[in-house]
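S.K.: Residue strings, one per chain:
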Amino acid sequence: MKVGNVGAVRPAASAAVPSIPARFWQRVSFWVTLAVVALLGAVAIVSQRDTLREAMFTLLMFASLASSLNILLGYTGYVSFGHIVFFGLGGYSGFYFISKQGWSIYPSLIVGGLVASVIALLIGLSILRLRGAYFALATIGILEAARAFVANFGPFGGSTGLSINFSVYRQYGGPAQALWTSFYIMWVITFIVVIVSFYIKSSRFGLGLLSIREDEDAALVMGVNAPRWKTLAYVVSAFFPGVIGTLYFFKNGNVEPADAFRLQMSIETIVMVMLGGQGTVLGPILGAATYDRLRSYLLTSDLFKNLHLAVAGLALLLIVLFVPAGVVGWLRGRFAQLRRVLE
Amino acid sequence: MILQVQGVCKRFGGLQALTDVTFDMEEGQILGLIGPNGAGKTTLFNAVNGVYPPEVGKVVFRGQDITRWAPYKVAHLGMARTFQVVRPLNELTVRDNVIVGACYGREGHSRTAGAKVADAVLERVGLAERANQLAASLNVAQKKRLEMARALAAKPYLLLLDEVLAGLNPTEVARMLDTIRQIRAEGVTIFMIEHLMHAVMNLSDWVVVLDYGKVIAQGLPQQVSTDPHVVEAYLGDPRLAAELLAGG
Ligand SMILES: Nc1ncnc2c1ncn2[C@@H]1O[C@H](COP(=O)(O)OP(=O)(O)O)[C@@H](O)[C@H]1O
Ligand SMILES: [Mg+2]
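Line by line, the protein sequences are chains A and B. Under the working numbering, the residue at position 241 of the first sequence is numbered 241, and the numbers go up by one with no gaps. If you want the working numbering, it's the position in the second sequence, counting the first as 1, plus 1000.
One should not assume that every hint holds.
[To be verified] Over 12 Å on every C-beta distance to chain B, these chain A residues come out as not near it, computed from the model:
1. Gly102
2. Pro155
3. Tyr172
4. Gly208
5. Val221
6. Trp229
7. Asp302
8. Val327
[Stated by the list, open to error] Pairwise CB distance ranges, derived in the manner of DEER restraints:
9. B:Asp1065 to A:Ala133: 29 to 39 Å
10. B:Lys1058 to A:Ser104: 51 to 61 Å
11. B:Asn1169 to A:Ala38: 31 to 41 Å
If you are wondering where the hints come from, they were derived from the structure by calculation, not from laboratory data. Backbone N, C-alpha and C fix where the C-beta goes; we use that ideal spot for every residue, glycine too.
Here chain B stands alone, though its shape is the one from the complex (with noise of 0.2 Å):
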C-alpha cells in the first residue's frame, strides 16, 4: 500500500466536507476520485497532502503516519499534486516553475541539477518551447501541462492530478492521457480526479466515488458504473449519469 486513508473527516466552520473517508491504494496503479461537483474531492487531496489538516483520522504514506504534516514536508517525501484551478508562478519563466519542483521536490536538486531535470521534463510534456516565457503569458492548455510539469519535476512516488483534463479541448485531452499513461508506465503511482467519465473509466484500476464527503462506492471501473448508489448521486446532473451508464 501506498498510500492509506483511514477514517478521515475535515469541517469547514459549519460544513462536514469530508466524513470518515477510507480507502487503501496500491502501489503502481491508477485510483480514479469521481463524484459531483462540492463533494469532498479537492478537499480530499487538501487533507492528504497537509493543506488542511483532517480533524479525524489518519493519512499513511509508505508506510509512515503523515497526518497533519506539513504540505512541504509531505512533498518531500514523494508525494506531488497539481491545482485544480491552475496556480503558475507567474512572474517566473516556464522553466523556472519546474526547477522550483525539481529544487524543493522529493530529489531536492541543486539549482544547476534543476535544471536539467527541468528541461528533461518541459521536454516531455511539450513546452520545451515555452522555457523561457512568463508562466503567465502561457494559455490555459499550457497553464495545465506546466502543473503537471512542476509536480513530475519533483519525482513523485504519488502523484495527485486534480482535473488536469478539465478545460481542454479534445485533441489536447488525448495528449494529456498519453501522458498520463506515460508517467504510470514509469511505476508512478496516480490519484486523479476527473470529471471526463470515459477517461476516468478507461485509465483507473481502482475508482472511489464521493458524495457529500463520504465515500458512496468503490471498485472497479465497471463495477461502480453501475451501482446504484453512484448512479444516484449522478441523477442530479443527468449529462454525467448518461456517460457513466453508457459506461464511459
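Excised from the complex, chain A in its bound form (with noise of 0.2 Å):
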C-alpha cells in the first residue's frame, strides 16, 4: 500500500469529506423521479377533465417510451430509430386478443410486451452485431418492413388494420369509464418503467450495459458478454412499448397500420431522451414532458401543424449540437454536487 508515498497526493491525514454514500442520493433521485410521475397522473384525476386526462395520458405515454428506450440508447449507446415498431407489432398482437380473442385487457398487456420482447430478441440477435449508423438504419429498414408485413397480413386485417365493437368497453364501465381505466393503467406502466428502469441502472447488468456504451471492445476484454447483454437491452426495451401499444389501441379502439408503425413517434422519442438527458433515469420523464408541452402547443398554431417532425428533427440537431447530454446530463456535468442526486 504505497499510497503515501508521492508528496502532493495526501494533505495533513486523510482530511474525510463527510460523505453520503452515493447510494443514499441515487435513491433521493429515484423518488424525486417517481413523484414527478405521481404528480403529472394526479393533476388529471384532480381536475378530472376528459381533456386534461387525454393530455396527460398522451404524455405518460411518452415519458414510458422514452424511459424504455432510455435503457438501449441512454444505458448501451445503441441509437434505434425504429424503435416505434414494438409499439405497433405488440400493440398489434395485443390488440388482436382484445379484438378477435375477447380477451379482457391485462392479459392481452402482457401478451403485446412479450411478442415485442421475442421478436427484438430474433431482431436483435441479428442486428446488435452492427454498430453505430449502420444499427441505426438497420432499425429503419425493420420498421418498414414490418409496416409492409402487416399490411399485408390477413389475421390483422390486412391495410384496414383491426378495430373493436364498443360493446367490449362494457365490462369495463362503459366506454368513458374505459378511458379512465386506460389512464390509471398507462400511470402504473409508467411508475414500473421508472423502476425496473432504475433497478436496472443500479444493478450488474446495467453496469455492463454502460460499459458497452463507454466502450464496447474494452468491455468485453473486462469480462462483459456484450453480445448478451445488449440484446438482453434491447428485449427489455422493447417489452414496455408492446404493453403501451396494446393500451394505445385498446383506448383507441381501432389500430391501423399507419398508426402503429410512426417514423415520427420513433424520432420524437429520441428526442425526448436526449432532451432530457441519456443516461439518467429523471431525463427522459423530463424530456417526454417538455416535448410534449412543446409540441402540443405546436399542434394548436397552423403554422407548425405541418412542420411537426421538422421541428423534432430541428430540435434533435441543437441537442446533438450544443447539449449532447440533455439538460439532466448537463446539469450533472455543469455542478459536480448534482453528478450524484441526478441519476
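Two chains, two frames, some hints: make the complex.
M.R.: Rendered as C-alpha cells:
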C-alpha cells in the first residue's frame, strides 16, 4: 500500500469529506422521479377533466416510451431509430387478442409486451452485431418492413387493420369509464418503467450496459458478455412499448398500419430522451414532459401543424450540437455536486 | 505451465504480424516481452486473449485450449489485461470502472460485492481519493493506474500488462514497479510488454524477444541482453541498443 509515497497526494491525514453514500443520493433522485410521475397523473385525476386526462395519457405514454428506449439508447449506447416497431407489433398482437379472441385488457397487455420482446430477441440477435449508424439504419429498415408485413397480414386485418366493438367496453364500465381505466393503467405502467429503469441502472447488468456504451471492445476484454447483455437490453426495452401499444389501441378502439408504425413517433421519442438526458433515470421523463408540452402548443398553431417532424428534427440537431448530454446530463456536468443527486 | 503459445500466426491483410510464435509461461513468474516498435507485441496479446483470433496455432491457458475464444470468456477464466493506449470508460466514475472489472472478471461479483473489491484495489493502486471522479478527468499516469486497477479487480491468474510504464515520470515508474512486484508476490503470473529495458531486465524471470512477428530469442534476462540477434534487432534504435548492452 504505497498510497502516501508521492508527496502531493495526501494533505494532512486523510481529510475525510463527510460523505453521504452515493446510494443514498441515487435513492433520492429515484424518489424524485417517481414523485414527478405521481404528480403528472394526479393533475388529471384532481381536475377530472377529459381533455386534461387525454393530454396526460399522451404525456405519460411518451414518458414511458422514452424511458424504456433509454435502456437501449442511454444505457447501452445503441441508437434505435425504429423502436416504435415494438409499439406497433406488440400493440397489434395485444389488440388481436382483445378484438378477435375476446380477452380482457390485462392479459393482453402482457402478451403485447411478450410478443414485442420475442421479436426483439430475434431481431437483436442479427442486427446488434452492427454498430453506430449501421445499427440505426437497420432499425429503420425493420420498421418499414414490419409495416409492409402487417399491411398484408390477414389475421391483423391487412391495410384496414382491426377494431373492437364498443360493447367490449361494457366490462370496463362503458366507454367513458374505459378511458379512465386506460389512463390509470398508463400511470401504473409509467411507475413500473421508472422502477425497472432505476433497478437496471443500479444493477450489475446495468453496469455492463454502461460499459458497452462507453467502449464495447474494452468491455469485452473486461469480461462483459456484450452480445448477451445488449440483446437483453434490447429485449427489455422492447417489452414496455409492446404493452403500451396494446393499451393505446385498446383506448382508441382500432389499429391500422399507418398508426402503429410511425417513424415520426420514434424520432420524437429519441428527441425526448436526448432532451432530458440519455442514461439518466429522470431525464427521459422530464424530456418527454417538456417536448410533449411544446408539441401540443405547436400543434394548435396552423403554421407548425405540418412542420411537426421538421421541428423534431431541428430539436434533435440543436441538442446534439449544443447539449449532447441533455438537460439532466448538462446539469450533472455543470454542477459536480448534482452528479450524485441526478441519477 | 499457466500459458502455452504454440505456433501462433496472425495476418492483417498483406502484413504477417505474427509468425509461428511459440513459448511457455510458468506459473508465478514474470515474463517480459520486448522487441522494437511494430514487432507484434500488442498483437500477440490480442491473439492470446481473443481480441484478434490467430489463423494458425494454439493458445492453452491453465490446461484449456482457448484458441479463438471470445475475449469475455477468456476473462472469465482468469486472464486480465491493460491496454497500451488507455481505454477508460470515460463517463463512468473511477470506482465504477473498477467495479466492472470485479463484476465481470474471474470472480464475477455482484455489484455490491464488486464495490468492496473495487475500493480495496483503488486503495492499493493509490486512486482511492479519485474514486468518485469521472474516469475522463484523470491524467495519463492515473489512467494507467486505472487500467491496472480494473485488471486487478478481476482477480486474474494471469495479468497481461501492455507498456504500463510508458509515459510515466521516474517517480511514477518506481511506484508502478512496486505495485507490479507486490502483485507477483501475491502469486499472480505476469506477462508484460515493456520498453524500459532496465525495468524488464530487473523484473522478469524470463524474457521473450519479438522482431517482425517472430520470436528471435528467449531466455534469462542476462542471456537475452547479450544475444547477438537481439542486439542486431535493436540496432535501429541506438538508445535501446546501448541500454541493452549496458545490461539494463
Ligand atoms: N488491427 C490492425 N490492423 C492492421 N494492422 C495492424 C493492426 N494491429 C496491428 N497492426 C500492425 O501489426 C504490426 C504489429 O503491431 P503491434 O502488435 O501493435 O506492435 P508492437 O505492439 O510490437 O509495437 C504493426 O505493423 C501494426 O501496424
Ligand atoms: Mg504495442
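S.K.: Looking back at the numbered hints, which does the structure fail to meet, lowest number first?
M.R.: Those not satisfied are hints 4, 5, 6 and 11.
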